[in-house]
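Peer 1: Sequence:
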Amino acid sequence: MLLSVLLAACNDYELKPDVEDPTLGEPCPRAVLPAGETTVDRDCAFEVPPGSFTPVVEWQWSTNVGAPGYDDVMMTPVVGDLDADGVAEIVFTAYAANAYGSAGALVVLAGDGSGEKGAWTSLGGYLPLGSAGVALGDVDADGTPEIVTLSTDLRVLAVRPDGSLKWATEPTSGLFSPYGYPALADLDADGSAEVVVGRGIWNADGSFRASGAYGQGGPYSISAVADLDVDGVQEVVVGNAAYGPDGAARWYNASVPDGWTAVGDFDGDSLGEVAVVGSGGVWLLDTDGALRWGPVAVPGGGGGPPTVADFDGDGLPEIGVAGLSGYMVVDTDGAVLWTQPTTDASSAQTGSSVFDFEGDGSSEAVYADELVLWGYDGATGAPVLRDEGHSSWTLFEYPVVADVDADGEAELLVASNDSINPGWQGITVIGDASRSWAPAAPVWNQHAWHISNAEDDLSIPPAPTMNWLTGHNSYRAGGVRAGPGNPAPNLWGEVVEVCWRCETEAAVQVRIANAGTADVEDDVVVELYAVAGDGSVSELARGTVTGGVAAGRTSEGLWLEVEVRALGRAEGLEVYVDAEGVVEECDEDDNTRTSQPGACAE
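If you want the numbering used here, it's the 1-based position in the sequence shown plus 1348.
Derived by calculation from the structure, the hints in this document are not laboratory data.
The structure presented is a predicted model; accordingly, all values stated were derived computationally and were not measured.
Cβ atoms here follow ideal geometry from the backbone N, Cα and C, with glycine treated the same way.
One thing to keep in mind: the hints can contain errors.
Claimed, not checked - Straight-line distance between alpha carbons at most 25 Å, and here's what the computed SDA-like set of lysine to any residue pairs gives:
#1 Lys1465 <-> Leu1475
#2 Lys1514 <-> Gly1491
#3 Lys1514 <-> Gly1539
#4 Lys1465 <-> Ala1451
#5 Lys1514 <-> Ser1525
#6 Lys1514 <-> Ser1540
#7 Lys1465 <-> Val1413
#8 Lys1465 <-> Asp1753
#9 Lys1514 <-> Leu1475
#10 Lys1514 <-> Val1435
#11 Lys1514 <-> Glu1406
#12 Lys1514 <-> Pro1810
#13 Lys1514 <-> Asp1501
#14 Lys1514 <-> Ser1470
#15 Lys1514 <-> Ala1467
#16 Lys1514 <-> Ala1561
#17 Lys1465 <-> Glu1406
#18 Lys1514 <-> Tyr1474
To be verified - Derived Cβ-Cβ restraints for the label pairs, each shown as a range:
#19 Gly1663 <-> Gln1944: 44 to 52 Å
#20 Asp1577 <-> Val1930: 54 to 62 Å
#21 Gly1819 <-> Thr1894: 29 to 37 Å
Just need the whole structure built from these sequences, with the hints factored in.
Peer 2: In structure tokens form, the structure reads like this:
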């Protein structure tokens, strides 16, 4: 960031204070260095104070234009930029007339709320299930993301962003449920992703690859993917087994039921442990599948897909689980941290997500039951949001958190339907009334979301660093992005030329630079000091750069007249910019630069 300092005496003669004729020689030239550019420190910003938590509806989609009547949503929507225009799309399946288990529509919405980009009831002749899961990602690494979903006849479908079919698998039986959710991952780190649904694995071209012999991620097939042992090869993780890319079991534990899963590092060994929810209980399994603890009873029975996050800010992961009559958080050691009553008799298997909306280091959990959209303080469980506009018959859906409109702030996406209770239909996007929520990723590409499983451009990383090794020890939780902050200037000055004649003339040209991200519009005072051999300083001159300095620019040179003998005694020169602190900067400690005065000329 620092500009090189140019010290140019008029000649290379040594200082000779006893010159007989001090008027000899030409006067110093006073060419002015023109203004220029300097490198900007993009991290220069004023810290944004923690935001508020005052959720308001930003926009809603409740009328299907492209597929009329398919207005109800009972699945987890996904988010990603399908067309590389810098704004995410929201993708989901929808159903009509309570027929969530029949043919439905695949819908793509613009994340900025401007409407549908597509809605299709037929995908190359195949019918999407009205509540099937969806995943987004560039499966074959060709630069164009695919939409992956399921058909009514148990096929896996890969669809282009325009709704055209890329491929369809053969009908499948016994590997996944029609209500299952695809997960995308490059299991073997070969640069091409695989599609995982339940215990089945398909290649990037839709050809069948392998299947596991045991569980499939619960009765409705939501398996997880993670590199449990951090060996560079990811596993397909179901409730009672982990499979390699070839479908072979890495381990199988017959003492726990097949169920929903999530992964995190619960013991600090840098390896992944598996949270399992099934048959009304919660278990924690070790990296090799051995039982760590459990079962812990789910409130009212049932139990949906687990969420792993640091709910209480203690630096350790906890597990959030929703049941028939309550939402609970289980601590790292298996003790119940807190429970709140809820209503979900229809499925008792909904999920949740976690995000630090205010950016204050304390997370909130968000959960939608049959009647209410809830927000809970992560540490205490105290409700911070209760919106009764929401309604759902409920399956396994949960709200997701992403920056859907590229405004630098998180939004909360909620799927709703009025199949059994009056309320919202379709998709509701919620933001903060003061527009102060923390920045979130512009992507949440699948139900089994864990931050490192997809890039912002929806490419699938071939060997992702597991999120617990990157400071995000979570699953189905969003990580706060480093926000842009408020732009700030950053000034510093330098000596660019010293020209002096022995005993007769001395002048120093200085300039200032603004390496910050905000312009300085006011005049800036520059002070020049002589530094003595003992380190003491004395002022030589001061001047003013008028009109300020734009971000990423330097001022033109400013000549300062200096007393000759004072300059001759100086061991160094020190330039101090904005000494009185008139300009508020991102770094107030780098306003001083020191250089050597050089020699005088005869």
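Peer 1: Now, for every hint given, state plainly whether the structure supports it.
Peer 2: Hints and how they fare:
1. With a C-alpha separation of about 19 Å, the suggested pairing of Lys1465 with Leu1475 holds against the 25 Å cut-off.
2. This hinted pair checks out: Lys1514 and Gly1491 have alpha carbons roughly 14 Å apart, not beyond 25 Å.
3. With a C-alpha separation of about 19 Å, the suggested pair Lys1514 and Gly1539 falls inside the 25 Å cut-off, and the hint holds.
4. For the given pair, Lys1465 sits about 20 Å from Ala1451 by alpha-carbon distance, which is consistent with the 25 Å threshold.
5. Using a Cα cut-off of 25 Å, the hinted pair Lys1514 and Ser1525 holds, with the two alpha carbons roughly 22 Å apart.
6. Under the criterion of a C-alpha separation no larger than 25 Å, the hint pairing Lys1514 with Ser1540 is consistent with the structure, at around 16 Å.
7. The suggested pairing of Lys1465 with Val1413 holds, with an alpha-carbon distance near 10 Å, which does not exceed 25 Å.
8. Taken as a hint, the Lys1465 and Asp1753 pair is honoured in the structure, with Cα atoms around 14 Å apart against an allowance of 25 Å.
9. At most 25 Å may separate the alpha-carbon atoms for a hinted pair to count; Lys1514 and Leu1475 meet this at roughly 14 Å.
10. For the hint pairing Lys1514 with Val1435, the CA-to-CA distance comes to about 23 Å; that is within 25 Å, so the pair holds.
11. Restraint check for Lys1514 and Glu1406: the C-alpha separation of about 34 Å exceeds 25 Å, so the hint is violated.
12. For the hint linking Lys1514 to Pro1810, the alpha-carbon distance of about 22 Å falls within 25 Å, and the restraint holds.
13. Pair hint Lys1514 plus Asp1501 holds up; C-alpha atoms about 17 Å apart against a cutoff of 25 Å.
14. For the given pair, Lys1514 sits about 13 Å from Ser1470 by alpha-carbon distance, which is consistent with the 25 Å threshold.
15. Among the hinted pairs, Lys1514 with Ala1467 is consistent with the structure: their alpha-carbon atoms are about 17 Å apart, no more than 25 Å.
16. Among the hinted pairs, Lys1514 with Ala1561 is inconsistent with the structure: their alpha-carbon atoms are about 29 Å apart, more than 25 Å.
17. Between Lys1465 and Glu1406 the alpha-carbon distance is near 19 Å, which keeps this suggested pair within the 25 Å criterion.
18. For the hint pairing Lys1514 with Tyr1474, the CA-to-CA distance comes to about 12 Å; that is within 25 Å, so the pair holds.
19. Checking the proposed 44 to 52 Å range against Gly1663 and Gln1944 shows it holds: the Cβ atoms sit about 50 Å from each other.
20. Against the hinted window of 54 to 62 Å, the Cβ-Cβ separation of Asp1577 and Val1930 comes to about 58 Å, which satisfies the hint.
21. A hinted range of 29 to 37 Å is violated for the C-beta pair Gly1819 and Thr1894, which are about 46 Å apart.
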